[in-house]
Amino acid sequence: SQQGEEDPQALSIQEGENATMNCSYKTSINNLQWYRQNSGRGLVHLILIRSNEREKHSGRLRVTLDTSKKSSSLLITASRAADTASYFCATDFSGGYNKLIFGAGTRLAVHP
Amino acid sequence: EAGVTQSPTHLIKTRGQQATLRCSPISGHTSVYWYQQALGLGLQFLLWYDEGEERNRGNFPPRFSGRQFPNYSSELNVNALELEDSALYLCASSLGSAGAREQFFGPGTRLTVL
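Heads up: the sequence lines are chains A and B, in that order. For the first sequence, our numbering begins at 1 and goes up steadily by one. For the second sequence, our numbering begins at 1001 and goes up steadily by one.
This is chain B alone, in the form it adopts within the complex (with noise of 0.2 Å):
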């Protein structure tokens, strides 16, 4: 069973460009979770999306959007791209959004903002 992918491997952008980052889920799961690991900061939740919608979002400026599609994989778009984006982007998804939901991540997309 193929896990959670995740394209492009590395991304390099410079500042006020935008950036769209892909995630396909496993295969049944239907909810796909986003979160920036950047140096100093750790993990940080970014968003939620389940059976296509928005379910909850972390603290992060409205320039970090996404979205889900029918076939449950996820797009991550950052707009107006600030140097202190530069960090590993990484996507999880589980089976479904009730009771004890383990994360399962993929490989992560490195985005550097020059």
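Chain A with its partners taken away, still in its complex shape (with noise of 0.2 Å):
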């Protein structure tokens, strides 16, 4: 399977502290993707990183790649209650397939 994988499944943290998930996958990618989930509802986009860059940022997310070890971290800084969520990596193949390749996601909660 070329699905990506994400560790911990679970993760349960108090507001401020920060919330660190990984992803590994199988095979060359153009890309790495997070997302996040509320509810079972839509994903929310949350950051691209391409597969020629190692680290990148946006407000309390930090995201770094891996291409010699196929994995992907996200943290989250300074945890609020609202980041309570499913956070999901997705992988852009090399190839120019089009398709992303969703890992099975980490269920993140965050208490007050």
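It is worth saying that the hints were derived from the structure and are not from the lab. Keep in mind that a hint or two might mislead.
To be verified - Here are the simulated lysine to any residue pairs, SDA-like style, with alpha carbons at most 25 Å apart:
no., chain 1, residue 1, chain 2, residue 2
1, A, 26, B, 1057
2, A, 26, B, 1059
3, A, 26, B, 1058
4, A, 56, A, 68
5, A, 56, B, 1013
6, A, 70, B, 1013
7, B, 1013, B, 1040
8, A, 69, A, 11
9, A, 70, A, 57
10, A, 56, B, 1096
11, A, 26, B, 1037
12, A, 69, A, 111
Unchecked claim - Anything over 10 Å on all C-beta distances counts as not near chain B; from chain A, calculated:
no., residue
13, 33
14, 44
15, 45
16, 59
17, 62
18, 82
19, 85
20, 98
Source: prediction; values computed, not measured. Backbone N, C-alpha and C fix where the C-beta goes; we use that ideal spot for every residue, glycine too.
Each chain sits in its own coordinate frame; assemble them with the hints.
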């Protein structure tokens, strides 16, 4: 399977703490994207990181990409209760197939 | 700017019937993607349309089909519905089909097959 895998499957933290989620994949990619999903509804795009980039920031989000290890991490700093959601990594594989392959996701719960 | 819209929000059908789901992309986006999110199976790629043509297809049977209209909106049709087709169907759009493409998702249509 080309599907990415997220780790951990579930994460429970207190407000103000940092949350780190990891994603591994199996083949060469064009880019890797992180999405958030609240309560089984639509996905919200968070960050896209290209295969030639190593780190990217957006507000309280920091994404790293290690193509040699075929892995990525998403760090949410100073978490808030509103960050409670499922987070998915999705890989856009080399070859121009234009389909995103999603991991199983990490369920994050941030407690006030 | 309006995001990706999908209709209907919920759809209830019985086994053997046909379902039609609709998607309107973000203005200016020419590529539309369909994904299925079923319990226990995660998010799976279904179809990709660009400029009115089917460009790529996931590992789904032929009873899953669709089309893209000249205004870039899209329909997903599921024929001969089976119980396991019950899922959240998500549509996404992107700006063109070249280079790194962020896909922006709609709120989804929840299909229940009884």
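Hint by hint, here is what the structure shows:
1. 26/A x 1057/B: Status holds; Cα separation ~20 Å.
2. 26/A x 1059/B: Given pair residue 26/A, residue 1059/B holds - Cα atoms ~18 Å apart, limit 25 Å.
3. 26/A x 1058/B: holds (18 Å)
4. 56/A x 68/A: holds (17 Å)
5. 56/A x 1013/B: Given pair residue 56/A, residue 1013/B is violated - Cα atoms ~44 Å apart, limit 25 Å.
6. 70/A x 1013/B: Given that 25 Å is the threshold and the Cα spacing comes to 42 Å, the pair is violated.
7. 1013/B x 1040/B: Holds, at about 21 Å.
8. 69/A x 11/A: Status holds; Cα separation ~23 Å.
9. 70/A x 57/A: It holds: about 19 Å lies between the C-alpha atoms, which stays within 25 Å.
10. 56/A x 1096/B: Within the cut-off at roughly 23 Å; holds.
11. 26/A x 1037/B: Distance of about 21 Å is within 25 Å: holds.
12. 69/A x 111/A: violated (32 Å)
13. 33: Answer for residue 33/A: violated, closest chain B Cβ roughly 7 Å.
14. 44: Label violated. Min Cβ-Cβ 7 Å, cutoff 10 Å.
15. 45: Violated, since 5 Å does not exceed 10 Å.
16. 59: The claim holds: residue 59/A sits with its nearest Cβ about 16 Å from chain B, beyond 10 Å.
17. 62: The claim stands: residue 62/A keeps its Cβ more than 10 Å from every Cβ of chain B (closest is about 18 Å).
18. 82: Its Cβ never comes within 10 Å of chain B, the nearest being 18 Å, so this holds.
19. 85: holds (13 Å)
20. 98: violated (5 Å)
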